[in-house]
Every structure is written in C-alpha cells, then in structure tokens.
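Respectively, the protein sequence lines represent chains W and Z.
Its first residue numbered 1, the first sequence is counted upward by one per residue in UniProt numbering.
Its first residue numbered 1, the second sequence is counted upward by one per residue in UniProt numbering.
Hint data in this document are derived by calculation from the structure and do not stem from the laboratory.
Yeah, the Cβ is synthetic: ideal placement off N, Cα and C, and Gly gets one too.
A hint or two may mislead.
[As the list claims (entries may be wrong)] Simulated crosslink set (DSBU-like; lysine-lysine; CA at most 30 Å straight-line):
1. W:Lys84 <-> Z:Lys180
2. Z:Lys62 <-> W:Lys84
3. Z:Lys37 <-> W:Lys74
4. Z:Lys39 <-> W:Lys74
5. Z:Lys37 <-> W:Lys65
6. W:Lys71 <-> Z:Lys112
7. Z:Lys37 <-> W:Lys94
8. W:Lys84 <-> Z:Lys37
9. W:Lys94 <-> Z:Lys39
10. W:Lys65 <-> Z:Lys39
[As the list claims (entries may be wrong)] Not close to chain W: a few residues of chain Z, all C-beta gaps over 10 Å, as computed:
11. Val12
12. Thr57
13. Val73
14. Ser160
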Amino acid sequence: MRTWMFVLLALASVSVLAVEDNYGFNDPEQRVLFLKLTAELRCPMCQNQNIADSDAMIAHDMRRKVYTLLKQGKSEEEIVTYMKDRYGDFVYYKPPVTAATIWLWALPLVFIFVVLFLVMRRPSKAPLPDQGAKLKQAEAMLKQDKS
Amino acid sequence: MKKIGFFLIPLVIFLVLVVFLFQGLFSDPRELDSQVKDKQVPAFSLPDLMRPDVTYTQDVFKGDVTILNVWGVWCVTCAVEMPYLTKLKEEQKVNFVGLYFDQDLDPDFGTKTLTRVQEEVTSMLSRYGNPYQYNIFDVYRDTSLDLGVTGAPEHFLIDSRGVVRMHHIGDINPRVWENKIGPLYDQLVAEQQTNVAGSR
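Model the full assembly from the supplied sequences, consistent with the hints where possible.
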C-alpha cells in the first residue's frame, strides 16, 4: 500500500514538472533542454517568475518560441542569445560577468581577505604577568577543597 | 588614530550603504534596457489588419517620423489612452501606426476568425476614436517578440530613417507626452523637415 502511494505521488510530481503538455518532443534530450531553458529564462512581464511558471501572454509566446527554435535544431546557447538580443541580459537568470556585476563575486572574496588580514594582524595578547601567581592560588584552593 | 578608524570605517560603510539603498527607492525595476533602441526596426512582412491583401515591411517607416503603438482590443489601458492619442493626431498631426496583436494564446489553434477581430477593432475604434493611419496585424506575435514587447500598450518612436529612437512601455497620457515623448517627437520631425529641405 505504502509503495503504491509513493509511486502515485511520484507520478503526480512528474506531471507537475511538465510545463506544457502540448509541446511534444521526439527527442528526450530536447525535452530536457526545453524544461531547462524555460526554467532559466525570465519573464519580462511577471518579473521574478521564469517563463515556465508565468501565465503572462509574453511567457506563452516565449515558450512557443523556445519550442520552435529547439525544433529548428538551435542549441541552448543560440536560444539564450536570441532572447537576450530582444530582452537584454535581464531575460536570463544567470547574469554575465561585466564591470557592473563583477562585484557580486568579488565583494564576498574581498570581505574574506579583509577579515583574514585584520585577524592575522591583530597582535597576540601577552600573557598576564600575574597569571603564575593566580594559578598557584587556585591550586592552593583546590588542595584545600580536597583535604 | 586607532579609535578614529574604529568609528570612521563603519560610518563610511554605513553612509555608502544608505546612498545605495536610497537611490534604490527611486529605481523602477520594470524599466528594462530596450534592445532595439537606436537600431533599425527588425525585418518583418505582415498584413494590414483591415485589408489582409496589403503587406507591410520594415520599409514603411522610412520617410516619416512614426509612433508605432502596440495594442489590442483586450487591453484596457489601450482603450483609456485612445481618446488622447486621437486628440494628438487631430491637433498635432502625430503619425500613429498600430501594431495589432490578438490574445489567442496559440495563433495556430486560435478560436477567433479574422472577420471577428476586424469587427471588434472597428467597434472599439468607433467608440474611442481612431488615432491610427493603419494597423499592422502581427499574426504570430513574432514582430512583437523581435521588438522586445512585454505587453500592451507599448510605443516605439521611429525616426524617418526607420531607426527606433525610443521604446516607451505603458500608455501615453498628457504628462508622458509633454515630458518624455513629445519633445523628442518634435525634434525628430524638425530634423526630418530640414533634411527634406536640404535635399531639395
């Protein structure tokens, strides 16, 4: 019973993953690529949704376009460039490295190095001068407790 | 010295952050960099909405300054701006061309016939005014995609050489016209007139 439930749920999740049932592919690899691209391309209308999730008309059109381009045998890169030519870098969820975006990667590294530098440079504290005396006192107290 | 740095460094970081976040308050995330700006109108070959035997190409924009208005009968904002566009056309002779597209999600399996679309368009234009010289019917919405259209209404200001000079997302109202589109439109028309005069 439990295994059957599991199989049923697994099947249900597969149908949720499928974006559009009316986009048929003969080549399973193309289908995978279609799902990948529609997940990575961003809808210009409903921002912060990818075109697989969005129900805006433009998202429908872009899915259709991705499908036709795939059917024409275009590669993943060509399709991404096609969309970028029309909607800018905005349309792809992976930002390109440019002078303006390099800071996304550089800033955390800079931060790490600055902190490392500060930690290394910090002078190690000299042991307190009367620590030896204090230790002796503590040992004496311990001995007292034991006796 | 050390103490000053202790206060100064966080203060500087804080101020930089404040300036950065403050300007973020006024940035519009919907404003995208248009990819067609300062480029020729992408190539197309599309029929006239009312007379399907007439075909237009990107060359129709050469010779006149044009505002290409992307619209559809299903678009509420388009209906709102239509009377104002008509007024601009009548009072200032602004040259509007419509790029019409319908909302059938898949044009190949569309439920609407062309006659039905034409009827709807005629009834809407007779109700709100007709600002358009003619309407180009973007059957498969390919040209909209090429232009980077995200919805309707959108406007493309095209100069007399067929180059897109401005992409305006949203409606045209008196404020937008006077501050954003009107000045550039007037400038382009003036440029075109001196060009024409010069070539004579």
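Checked against the structure, which of the hints given earlier come out wrong?
-> none
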